[in-house]
Amino acid sequence: MYLDLSKRLREAKAILVNTFSEFESHAVKSLSIDEKIPLVYPVGPLLNLDNDHGNNQDSSQHQTIINWLDDQPDSSVMYLCFGSLGSFNGVANKGN
1 MYLDLSKRLR
11 EAKAILVNTF
21 SEFESHAVKS
31 LSIDEKIPLV
41 YPVGPLLNLD
51 NDHGNNQDSS
61 QHQTIINWLD
71 DQPDSSVMYL
81 CFGSLGSFNG
91 VANKGN
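Residues 1 to 96 in UniProt numbering are what the sequence shown lists, from first letter to last.
Some hints here could point you the wrong way.
Claimed, not checked - Derived lysine-lysine pairs resembling DSS-like cross-links, with alpha carbons at most 27 angstroms apart:
id, residue 1, residue 2
1, Lys7, Lys36
2, Lys29, Lys13
3, Lys7, Lys29
4, Lys13, Lys36
Treat the hints as calculated values from the structure; they're not laboratory data.
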């Protein structure tokens with residue numbers, strides 16, 4: 001799956017990455033200088049901020065986590081997500 005995906009990346013016009021330049025500046029710059037790789041746009045962090053707390057998390061647990069985060073010093077917590085992968089089909093890429 002990953003090998004096929006990496007081969008198809010060169011067909012894209014751009015790549016959106018759920019990161020931010022200050023966190024992965026070396027990786028973003030490395031990808032940006034290779035003319036064979038489409039433009040790379042760091043667009044993160046992307047978070048689901050709606051009221052749906054997921055299937056495994058009740059509202060009280062969610063509020064406990066939010067309270068803990070609110071109690072931390074500014075810029076002292078970093079959210080990391082491993083194993084997520086997403087892509088759009090041709091119809092979604094064209095938009096309306």
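Quick rundown of the hints versus the structure:
no., hint, result
1, Lys7 / Lys36, "holds, 11 angstroms"
2, Lys29 / Lys13, "holds, 17 angstroms"
3, Lys7 / Lys29, "holds, 20 angstroms"
4, Lys13 / Lys36, "holds, 11 angstroms"
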